[in-house]
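Undergrad: Chain residues, written in single-letter form:
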Amino acid sequence: MRNVLAIFNKELKSYFSSPIAYGLMAFFAVLSGYFFYVYVAIFVSRGVESQMMGRGFPMDVNEWVVRPALMNISVIGLFLIPLITMRVFAEEKSRGTIELLATSPVRDYEIILGKWLASFTLYAAILAVSMINICMLYLYGKPDFSPILTGYLGLLLQGGTLLAIGTFISTTTRNQIVAAFATFAVCLILWVLDWVSSYETAAWAKVVGYMSVITHFEPFAKGVIDTKDVIFYASMIFFGLFLTARSLESLRWRA
Amino acid sequence: MISVEGLSKRYARNVAVDNISFEVQKGQIVGFLGPNGAGKTTTMRVLTCFLPPTSGKASVAGYDVMTQPMEVKRRIGYLPETPPLYPDMEVYEYLQFVGRLKGIGSGDLNRRVNDAMERCAVTDVRTKLIGKLSKGYRQRVGLAQAIIHNPDVLILDEPTSGLDPKQIHETRSLIKSLAGDHTIILSTHILPEVEQICERVIIISKGKVVATDTVENLTNRLRGSEAIAVEVEGVEGAHVDSGLVHRRLEQVRGVSRVLPRESRGGRLLFEVESLQGRSIRGEVARAVVESGWNLNELRPVALSLEEVFLQLTNTDTAVAVEEVAQ
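Taken in order, these protein sequences are the chains called Z and B. So for the first sequence, my numbering puts the first residue at 1; every next one is plus one. So for the second sequence, my numbering puts the first residue at 1; every next one is plus one.
FYI, nobody ran anything at the bench for these hints, they're computed from the structure. In this text, all values refer to a predicted model and were calculated from it rather than measured experimentally. Be aware that a few hints might be false.
To be verified - Partial list, derived from the structure: chain Z residues whose beta carbon lies under 7 angstroms from chain B:
| hint | residue |
| --- | --- |
| 1 | S18 |
| 2 | E99 |
| 3 | T103 |
| 4 | A205 |
Yeah, the Cβ is synthetic: ideal placement off N, Cα and C, and Gly gets one too.
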C-alpha cells in the first residue's frame with residue numbers, strides 16, 4: 001500500500017506540475033460550460049414559449065438540462081481520457097524511468113494501481129469543474145439531487161473504465177501521440193458500439209450493444225443505479241488493469 | 001556476492017548473452033568490459049531483475065533473480081545507461097520518491113536523501129528541476145538514486161558516458177569512494193577507466209566471457225613474454241653507433257626482438273622483447289655495461305589494457321596472439 005501511495009503521489013504531482021492538468025480542466029470547462037449554456041437556453045426558450053401558449057410549466061429541469069449535460073460530459077470524456085492516459089507508461093518507457101520502477105522492490109500491480117488511481121483522481125478533479133454549472137441551477141431552481149449524484153457516479157465509473165483501457169494502451173508504445181490516438185480510437189469504438197442496437201435486434205447486436213460504455217451510462221444519468229451496469233464497469237476496469245499487468249510483464253520478456 | 005552460472009539470453013533473432021559464468025566477491029569493484037553490443041547491458045538487466053534470463057542462473061547476495069526478485073531488488077542499486085530521471089521533478093523530491101520506492105521508512109527518509117545527496121555532491125542543486133541540470137549533475141543524481149537505500153550491490157551501466165573530462169574524473173573518484181561498502185559492477189568500453197577504478201575485469205565479446213582476471217594479471221598473462229625499454233648512452237657523451245648497440249642487444253640470450261625507438265641527442269632508445277617465459281633484464285643490463293656504454297634507463301613496458309582488449313575481442317588477432325604464445 002505504501003508503494004501504491006508513493007507512485008500515486010508522484011503521478012499526481014507530475015500531472016499538476018505540468019500544464020496537462022490545467023489545460024485539460026480549461027478545455028473541459030469551456031466545452032461542458034458551452035453545452036450547459038445551450039441546454040439552459042433551450043430550456044428557457046421552451047419555458048417562455050409554453051407560457052405564451054398559455055400552458056403551465058411542467059418542464060423538468062433534470063430532464064431538460066441535467067441529463068443531456070451529463071450525457072455530453074460523458075462524450076467529452078472520450079476526448080479527455082486519451083490525453084490523460086497517453087503519458088502514463090509511454091513516457092516512462094521513452095525516458096527509461098521504467099527501468100527504475102521495474103528494478104525497485106515494487107510489484108507491478110502496485111505501480112499500475114498507483115498510476116490508475118492518480119489518473120482517476122485527475123479525471124474526478126476535472127469532472128468537479130462541471131459542478132459549478134450544476135450549482136448555478138440551485139440558485140434559480142430546485143433540481144432533484146439524486147440523479148445528479150448517480151450521474152456523476154456513472155461518469156466516474158465510465159471514466160475509470162476508459163482510463164484502465166488507456167493505461168493498457170499506453171504500455172504498448174513509447175510514443176505518447178500513438179498512445180493517445182489508439183486510446184481515442186478504442187474509446188470511440190466502445191462508444192458507437194450501441195448504435196447497432198438501433199437497427200438490429202438479433203442476439204449478436206445485443207451482445208455488441210452491451211459492450212458499449214455509453215449504454216451503461218444512460219441509466220445513471222436517469223438516476224438509476226443498476227447492478228448490471230456497475231458490474232459491467234467494475235469488470236471492465238479490472239480487465240483493463242489486468243491487461244496492463246500482462247503487458248508490463250511481457251515487456252520484460254520481449255525487451 | 002554475485003554469481004552467474006551458464007547465463008544465456010536470447011531475443012527473437014539473436015543471442016545477446018551466450019552461456020556466461022562469473023563470480024564477484026563482496027566489496028570488489030569489477031569492470032565489465034566489451035565493445036558496444038557485446039551483451040553488457042543485457043547481463044546487467046538480468047542481474048537487476050529487469051529481464052529474465054533464457055537459461056542459466058544468476059544470484060545476488062544469495063538470492064536468485066528468477067525466484068526471489070524482491071529480495072534481489074532490495075539489495076541492488078542500479079544506474080542504467082541513461083539515468084532514470086524525471087525532468088519535471090526537483091532533485092530532493094525525486095530522491096524522496098526513489099527512497100520510498102526502495103522501501104525506506106518515512107522516519108529515515110530525509111536523512112538518507114541528505115546522505116545520498118552529500119555523497120554524490122548534489123546538495124547544492126537540491127531544489128532545482130532535474131530537467132534543468134547539466135549532464136554531469138544528472139549523472140550524479142542518478143548515482144545518488146542508486147545508493148540511496150545503501151544497497152549491497154551497485155550496478156552501473158556506463159556511468160561516465162557522455163560526460164566531459166572533469167565530470168568523468170569526478171564520477172570516477174565518486175565510484176571509487178563508494179567501494180568498500182558496496183560491491184560494484186560497472187560496464188564500460190573505456191579502457192583507462194577499468195585500469196583506474198577496477199580490481200577485476202570481465203571482458204565480454206559477442207555475448208561470451210573471453211577473459212576474467214585482475215587487471216595486472218590480465219595484462220601480464222596476455223603478454224606472456226617480457227618487454228623492456230632500454231636507454232643507452234656513450235660514456236661522457238661519446239658517440240655510440242646505433243647499429244652496434246642493436247646487434248649487441250640481439251645477441252643477449254633470451255631476446256626475441258629488438259626495436260629501435262626514437263633517439264634524443266646521444267641517447268639511444270630500444271624496446272627489447274624476450275622469448276616466452278624468459279627474464280632478460282639482468283642480461284641486458286650486463287651486456288650494455290660490459291660493452292662500455294652507460295645504461296641510463298631500464299624499465300618494463302606493460303602492454304596496455306587497450307591492446308589486450310583488442311586482442312581478446314578481435315577474433316583474428318586473438319588467434320594470432322595464441323599462435324605466438326604457443
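Undergrad: Against each hint, give a clear statement of whether it holds in the structure.
TA: Going down the list of hints, with the structure as the test:
{"no.": "1", "hint": "S18", "in the structure": "holds (6 angstroms)"}
{"no.": "2", "hint": "E99", "in the structure": "holds (5 angstroms)"}
{"no.": "3", "hint": "T103", "in the structure": "holds (4 angstroms)"}
{"no.": "4", "hint": "A205", "in the structure": "violated (41 angstroms)"}
Hint check: a violation occurs at hint 4 only; the rest are consistent with the structure.
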